[in-house]
Amino acid sequence: MNLSVKIGDLALKNPVMTASGTFGYGEEYAEFVDLSLLGAIVTKGLSLKPREGNPPPRIVETPAGMLNAIGLQNIGVERFIEEKLPFLEQFDVPVIANFFGDSIDEFVGAAERLSRADGIDGLEMNISCPNKQAGWLVFGTDPEVTFEVVSAVRRVTDLTLIVKLSPNVTDIAQMARVAEDAGADAVSLINTVTGMAIDINTRRPKLANVTGGLSGPAIKPIGVRMVWEVFKAVGIPVIGSGGIMSGEDAVEYMLAGAAAVAVGTANFVTPTATTDIITGIRDYMAAHGIGDISTIKGGLLWEREDL
Amino acid sequence: MNLSVKIGDLALKNPVMTASGTFGYGEEYAEFVDLSLLGAIVTKGLSLKPREGNPPPRIVETPAGMLNAIGLQNIGVERFIEEKLPFLEQFDVPVIANFFGDSIDEFVGAAERLSRADGIDGLEMNISCPNKQAGWLVFGTDPEVTFEVVSAVRRVTDLTLIVKLSPNVTDIAQMARVAEDAGADAVSLINTVTGMAIDINTRRPKLANVTGGLSGPAIKPIGVRMVWEVFKAVGIPVIGSGGIMSGEDAVEYMLAGAAAVAVGTANFVTPTATTDIITGIRDYMAAHGIGDISTIKGGLLWEREDL
Amino acid sequence: MSRFFQAEVTGNVLLSRTHNILKITPLQPHTMPYPGQFYLLRVSGTLDPLLRRPLSILRWDEDGLEFLIRLKGRGTLLLRNMKPGERIDLLGPLGNGYPEPVDGETPILVAGGVGIASVYPLIERFRPEVRLFYGAVSAGDLYLVDEIRGLTRNLHVSTDDGSMGFRGNAVERLTAYLDGSSVPSPVVYACGPEGMTKSLLGMLRRRGIPGHVSLEERMACGVGACLGCVVETVRGYRRVCKEGPVFDAREIAV
Amino acid sequence: MSRFFQAEVTGNVLLSRTHNILKITPLQPHTMPYPGQFYLLRVSGTLDPLLRRPLSILRWDEDGLEFLIRLKGRGTLLLRNMKPGERIDLLGPLGNGYPEPVDGETPILVAGGVGIASVYPLIERFRPEVRLFYGAVSAGDLYLVDEIRGLTRNLHVSTDDGSMGFRGNAVERLTAYLDGSSVPSPVVYACGPEGMTKSLLGMLRRRGIPGHVSLEERMACGVGACLGCVVETVRGYRRVCKEGPVFDAREIAV
Ligand SMILES: Cc1cc2nc3c(=O)[nH]c(=O)nc-3n(C[C@H](O)[C@H](O)[C@H](O)COP(=O)(O)OP(=O)(O)OC[C@H]3O[C@@H](n4cnc5c(N)ncnc54)[C@H](O)[C@@H]3O)c2cc1C
Ligand SMILES: Cc1cc2nc3c(=O)[nH]c(=O)nc-3n(C[C@H](O)[C@H](O)[C@H](O)COP(=O)(O)OP(=O)(O)OC[C@H]3O[C@@H](n4cnc5c(N)ncnc54)[C@H](O)[C@@H]3O)c2cc1C
Ligand SMILES: Cc1cc2nc3c(=O)[nH]c(=O)nc-3n(C[C@H](O)[C@H](O)[C@H](O)COP(=O)(O)O)c2cc1C
Ligand SMILES: Cc1cc2nc3c(=O)[nH]c(=O)nc-3n(C[C@H](O)[C@H](O)[C@H](O)COP(=O)(O)O)c2cc1C
Ligand code: FES
Ligand code: FES
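Chains as they are written, first to last, in this note's numbering: chain A, 4 to 310; chain B, 4 to 310; chain C, 243 to 496; chain D, 243 to 496.
All the given hints hold, so there is nothing to weed out.
Partner residues aside, some chain C positions facing chain B, computed with beta carbon under 7 angstroms: (1) Phe246; (2) Leu289; (3) Leu292; (4) Leu293; (5) Glu459; (6) Arg460; (7) Ala462; (8) Cys463; (9) Val465; (10) Gly466; (11) Ala467; (12) Leu469.
Here are the simulated lysine-lysine pairs, DSSO-like style, with alpha carbons at most 30 angstroms apart: (13) Lys325(D) x Lys265(C); (14) Lys325(D) x Lys314(C); (15) Lys325(C) x Lys265(D); (16) Lys265(C) x Lys325(C); (17) Lys235(A) x Lys16(A); (18) Lys484(C) x Lys52(B); (19) Lys87(A) x Lys484(D); (20) Lys16(B) x Lys235(B); (21) Lys484(C) x Lys87(B); (22) Lys440(C) x Lys484(C); (23) Lys52(A) x Lys135(A).
Residues from chain A that keep clear of chain D, each with C-beta distances beyond 12 angstroms, as calculated: (24) Gly11; (25) Ser106; (26) Glu115; (27) Ser118; (28) Ala120; (29) Asp124; (30) Glu147; (31) Glu151; (32) Ala155; (33) Asp174; (34) Ala176; (35) Gln177; (36) Thr282; (37) Tyr287; (38) Ile299; (39) Gly302.
It is worth saying that the hints were derived from the structure and are not from the lab.
Glycine residues also receive a C-beta, built at the ideal position from the N, C-alpha and C atoms.
Pulled out of the complex, with its shape left as it was, chain A reads as follows (with noise of 0.2 angstroms):
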């Protein structure tokens, strides 16, 4: 059974990655899962310097789902190499940096000194963040900053280079094609869907930030039609996530036309989700008899010639 894909130049022993912010910095979780088993392991993300983040509460469940408003909280680049990522080299698995700016510049410097470092195996780019220099703006929802962000990233990294996507856009199609034309690897998809949730009784936003991101299943439905959506547009790989709980879950991305899959949410509700995930996958494969996991990709069937 051949479970192993490629992202960019990255050969992973499976589809199964980790989801940025989901999985810390691999430590908090190598108790519960044996970390070589996975296909890559996707960090916090990380900027170039370090990130307080915002103030409590930044979590609240909602159905079947959760928000969350860490904003970005993290050890910056610098501290990532120096103190987490030598626990990781002990692990037969692919690290991939999850990292943002505010700026371009941040972007560019994050990538830069990520790059130079040892053990580090991918990039994942962040454009679902704030763009200081466009106020409220989302870089990742403007295709003319997305495409210079970007470009300004492939510059500087002969990493393979993923660019995570925001789902709250109008056209995920085109911001995937943006980032394709301006040399991104793969693309991995979805980040949370923005959500809010009020206190009824204090009349507060149940999130010190108001608003958040929307994970889990909730969003699985979304996840699945946009990286078929993406799927069709573009040739690069396609990393799928959004709720993914189960090996079936991971399973429909792929159909959908995911090349590899991201857990997230799944980590909180079971610490061995991701191993699990894989158990699940094989299961799969072993009763419909495929013998290599990369063959089922965008496998859907579908006809309706209006689509």
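Could you slot chains B, C and D with the ligands onto chain A? The hints should help.
Chains B, C and D with the ligands in isolation, oriented as in the chain A frame:
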């Protein structure tokens, strides 16, 4: 206790309306709910000519939600006026006719015909429907087309005109402003979020139409966020919907800025959902000493300056 | 009388690893069903699973209602695990049910698998001599056989693997039966899986035999409001929950 | 030894309309906790409610673990309704727990409401003479009082309405106590609602008394990965699930 609210020229006894497409033409639920108790009844979406709709399967359950791809099946404005409206006229409840078209002419034609009928108190135009001229594009995702179609309808009707917005856009506040500028008396949101589900055993989409609209509690955080964004952006009333299951959920939408709410998927789970929600709102008002429901509109307390 | 009522689970008999019979007692006044109608059951108090599940009425009396349930997914698992004393709410009876035979017609019942639940009330209605063709995959998948034998002596069992009765499906058995005996003005009442229904419809059409067939489709509202449960008929899309679940065999598009 | 294990519910005692004690027996090897640690419990097998619920460990031995649960919302309701024989999975013990007193320090325990669950293991640890200040809204909201009296004779009860013990809260009672008697090098161990914690911190600060205070914050992962459960401390944001739930009183930002 005063629960009455105004939407344009329309005075509603209370802020609870039915969401289009989830309450049929009213008669289907008349056995479970005294229709005269409702704030308003919004009909299934109507078009100038009857529509067959999509082939089955048309619905699929998802985590805390459901996808539907009914394909706007309806009996057409003419038969609605002849066969369904007389039944509704027995009740002391405003009737809002939801309608759509796949061209501007069809929108205008339907609005004209509905405006001439006796017993229709308001119109809700659903612009989350595909635009025949523009192929795959949906009316409600393009600001210019939205302006054009809303203005055209405005010119032919004096009824209270509500524009129902699609959540599948980057900037819902912009779309709401466009609707307001084009003459809408109110906006209604959110319509369903586009999603999809795949049967991994057959590899076929679970909906014959491949994609469908996600509704139910899963999308509530998205709806509340969008209502809040729109409330801050426009002067006209906002009708909130998306996953409202209880009086508490309705109050949450009103604190976010909704003047009234529409109850959709909840009707399927509990046929008495609408009146249960009215009771729930009363309970909340009693518990919090609120005499007039309009006073809580947009009553969210928040202070972060950068929002 | 109401079609939306609370009930208490008063019994839950596990017949096998896949089937159970759930008995409930309404706690409120409720409308009595007739054969072929169904109910929508709420399977959990939480928001997931969200939608109600449709189940045919198997048996009923003054004290309560019974459903025969085949384990399919999450919803039927929750129903299987219900314990006496738990509360549940129901919407129903829904749909049209089976019509009476017209004068001189001889009813013939056909059930495939858990389709027996829908057809069972007709055995009681038409007993003691009604013909029933009841098929399943294997002997272990046939339920209520003893009860049925107590209601009619004219039971024709078939199994795909031949482990009980005729080897083959209920439609093949019925075809052989019709070839070998003469039934005056037969009219078929049937409920079973899609494959069975299709071959049955073909057979009825070829022989010009009228029939009433119960269909399944995914449902949300159960009351005709959402237009979610349509099937294609010669008169366009029709709602299984409202114009069905029982359709005239000639109406169903093939 | 593992911190993620399956368990069986072996008891569920309903103490009142709002509180229950859930007893579980792990079915797999598991790590033993120490006072002040907590577990994340999965409250349902479905996708809603989705997240685990944090609960302090109340008591434990070779056979099992016990939790004192106050009914708050949907999750604690599901935990209240659990029946012996049901399966549940747990993640834990998590967090740092209460540190040992340093030489010569006299521990004083303070519990408000269900905060007694967190502090209870310390009564056992420091018995037989440990001072405990235990407050609640009313006499009916004080739990485990008999058990506590069996462990220490130095129990100081207070209720907001004066229906039992001192009228006022536990911090006021403690303040009065400290004014009236001299405790050598007191060190406070406390867990209670936000209001109590705040006034306690103020009092400790004013008097220069050291303390260890258990805090609450919404959690997703429980293992330090999501950064969801932070509280503000003098050294910046710290995770309740990892650096806490017990924090040095001097570290907590006010
Ligand atoms: C009118 C009618 C009468 C029925 N009578 C019976 C009966 O007496 N006994 C019995 O065991 N089953 C009966 N069924 C089928 C039963 O409703 C499904 O097996 C059940 O809904 C599956 O739910 P699940 O959560 O276990 O499965 P899942 O596959 O997890 O369900 C997912 C979703 O699909 C729907 N769904 C899945 N299969 C069907 C189906 N065959 N028909 C309609 N919706 C489906 C579910 O309701 C749910 O919304 C009947 C169906 C209909 C339409
Ligand atoms: C370290 C720690 C130890 C705790 N120990 C106990 C204990 O021993 N006994 C006890 O009864 N309670 C304890 N709590 C509080 C308990 O976790 C909450 O009351 C419970 O999570 C509420 O869940 P719910 O679904 O009933 O309420 P809801 O209000 O419906 O919960 C909604 C969401 O908010 C979270 N939440 C709500 N209140 C709290 C809270 N106070 N702290 C953290 N998250 C919260 C829930 O976990 C859930 O994610 C502890 C909390 C923490 C952080
Ligand atoms: C608590 C939390 C923190 C997250 N932090 C990041 C982040 O730092 N960078 C990023 O690109 N995505 C981040 N995400 C998004 C996830 O990586 C993932 O795309 C999203 O949660 C959808 O997947 P899921 O439904 O499986 O969680 C975060 C998600 C959660 C829940
Ligand atoms: C089965 C179904 C049919 C719908 N049909 C329409 C429609 O015809 N016109 C329309 O504007 N919205 C339609 N909607 C959208 C609802 O009116 C509502 O905006 C949406 O479902 C979100 O609310 P909810 O989560 O409470 O269902 C439909 C929704 C459902 C579930
Ligand atoms: S289930 Fe809604 S119309 Fe039939
Ligand atoms: S709960 Fe995730 S870091 Fe504490």
